[in-house]
Amino acid sequence: MTPTAPAKWGLRGLAFGYLGLLLLAPVGMIFYKTFEHGLGPPVDAMTSPEALHAIQLTLLMVAVAVPLNTIFGVGCALLLVRRRWWGNSIVDGIINLPFAVSPIVVGLSLYLLYGNTGWFGPTMAEWGIQVLFSWPGMVLASIFVSLPFVVRETVPVLQEIGTEQEQAASTLGANGWQTFWRITLPAIRWGVAYGVVLTVARVLGEFGAVTIVSGSISGETETMPLFVAKAFEQFQEEAAYAGAIVLALLALTTLLLMSVGGRKAKASSGGSLPAAELAVSTSNTKEGS
Amino acid sequence: MGIAVEGAFKRFGDFQALDDVSIDVPDGSLTALLGPSGSGKSTLLRAIAGLEDLDAGQVVINGQDATTTPAQKREVGFVFQHYAAFKHMTVFGNVAFGLKIRKWKRPEISDRVHELLRLVQLDGLAERYPDQLSGGQRQRMALARALAVEPQVLLLDEPFGALDAKVRKDLRTWLRRLHDEMHVTTIFVTHDQEEAMDVAEQLVVMNEGRVEQSGTAGDLYEHPANEFVMSFVGEVNRLGDHFVRPHDMDVVLDPDERTEEALVQRIVALGFEIRVEFTLGDGTEVWAQLTRPELQKLELREGQIVYLRPGQTKSFSSGEAVSAAA
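Chains as they are written, first to last, in the working numbering: chain A, 1 to 289; chain B, 1 to 326.
Everything labelled a hint here was simulated from the structure, so no lab data went into it.
The C-beta atom is built at its ideal place from N, Cα and C for all residues, glycine as well.
Heads up, some of the hints might be wrong.
Said to hold, decoys possible - Quick list of simulated restraints, FRET-style, between CB atoms:
#1 69(B) - 177(A): 16 to 22 Å
#2 110(B) - 252(A): 39 to 45 Å
#3 12(B) - 252(A): 47 to 53 Å
Given only the sequences and the hints, what does the whole structure look like? Please build it.
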């Protein structure tokens with residue numbers, strides 16, 4: 001059934017209206033407010049020592065949590081899809097936990113675990129490692145809340161590609177490691193990349209869990225979202241808006257890097273975006289040779 | 001030499017995929033594993049390749065016990081029904097894969113790959129990606145990839161199963177010729193008896209995880225060991241305990257002591273071959289394969305009463321074949 005012309009335009013209008021009202025308008029408003037009085041005020045707000053420290057700390061969270069969750073995520077997806085064992089459904093359920101639990105609760109549980117009276121707190125203190133109100137605790141919180149993304153994005157792609165390419169590689173003499181790097185990883189790279197983008201976005205924006213474990217000390221344990229919240233509470237609107245823009249730009253940069261990297265990968269290896277891949281494989285398979 | 005499997009067992013959950021299977025494939029031969037789906041033929045092939053572990057039994061490749069050798073070290077070429085093309089690599093990259101793993105030098109890889117691409121008639125397409133090839137071309141690429149590493153044996157799992165009829169026919173003629181040139185011990189799995197008889201020197205008929213019979217196409221057709229083989233390698237009519245091929249059904253207009261009355265239900269013209277369907281007095285439905293001249297001579301029409309004289313019939317009692325010539 002093809003919709004009539006008015007219905008088609010109506011649907012499009014509805015989609016754009018919905019997106020515009022709920023997504024574009026708030027984000028656009030932030031941009032407008034930030035640059036309302038020119039570039040000067042936001043640049044000043046973002047070059048203060050506290051702001052620079054917050055940016056650095058946010059990037060540190062990303063630099064530690066994202067690689068760890070990527071390696072874990074791909075490994076875990078391989079385990080879930082390629083090895084059938086009794087623990088599969090349990091692992092699968094546990095991985096979804098960060099989606100189900102509110103970040104505040106995550107923060108509280110870390111607080112309980114690593115606090116002075118918690119299970120790990122005293123031991124860690126003996127070793128001279130301060131977890132709470134310091135970056136190790138914040139990294140733990142970031143890892144926790146962003147853990148499922150790479151797994152969730154990689155599992156369906158792994159299921160989709162099946163095992164035949166890997167089996168073909170093994171009959172051609174490749175060992176497990178060679179098969180993973182040369183066959184499996186290139187085949188699932190778009191799933192992994194999408195998972196990485198989501199992980200980065202989640203870590204950049206994490207607020208609830210990090211608030212609890214960091215104590216939000218200006219210039220010490222304040223990431224960008226905490227900085228924005230504090231600035232807003234203290235009526236420093238310029239700093240709040242500028243901080244929000246920095247976060248948005250960081251996320252956008254990740255997306256751009258991914259699609260540029262993807263295009264390069266495509267040029268050198270012929271892969272394509274999942275959607276394009278689907279279109280090619282359905283339209284380009286003519287018989288007769 | 002060649003390939004031998006001894007007493008192979010394999011179970012998947014409740015399903016007995018291989019139930020005491022032994023086969024012997026002579027060195028340099030081209031053998032077909034023939035059977036319906038679920039007969040265990042693919043499982044057997046995958047066990048030979050090392051892609052499936054046997055519960056019990058032994059796989060011997062060129063005199064060496066390979067039962068516990070991983071796929072990676074068995075030096076078998078394996079071709080999958082759905083090609084298993086490495087989608088992110090060009091045709092060249094696909095064929096070169098095994099050579100790169102073996103750390104060949106770049107110029108040597110290039111020479112070898114182009115030699116193979118010429119052999120499979122894909123030489124102009126080296127820089128294409130699998131997505132840009134037809135099914136037949138992809139399967140030839142997969143074959144070149146498997147042959148590149150000079151495997152001791154070549155295993156093909158329903159290699160033409162995903163291709164259309166015309167391409168299928170071309171490819172099997174071509175595989176036959178390729179084998180005549182290369183002489184690598186080859187086993188291929190198929191459920192298509194015509195394909196198996198066309199391509200292979202030796203057939204192994206499998207059913208429900210067991211080998212029913214092995215031999216040449218002629219052996220199996222003329223001397224089937226049991227009812228299953230008889231009906232699987234050709235068409236068959238059942239008359240009580242006796243089996244008769246449709247081309248051994250004589251249609252006559254006058255009865256005698258060896259004929260049976262039959263009603264012509266339907267006459268189907270399939271070109272030179274004519275298929276005539278009958279109902280016997282006891283309700284049994286049978287059919288006869290006639291030629292066009294035979295049909296014209298008899299002047300058959302639907303609804304007519306005629307007489308059937310079964311020629312060579314077979315009956316199988318407790319697994320033994322009994323032939324009876326009329």
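Inset, instruction - Take a look at whether the Cβ-Cβ distance between residue 110(B) and residue 252(A) falls inside 39 to 45 Å. - result: holds (43 Å)
Inset, instruction - Look at the Cβ atoms of residue 69(B) and residue 177(A) and judge whether their distance stays inside 16 to 22 Å. - result: holds (19 Å)
Inset, instruction - Take the C-beta atom of residue 12(B) and the C-beta atom of residue 252(A), compute their distance, and say whether it sits inside 47 to 53 Å. - result: holds (50 Å)
Consistency note: the structure conflicts with none of the earlier hints.
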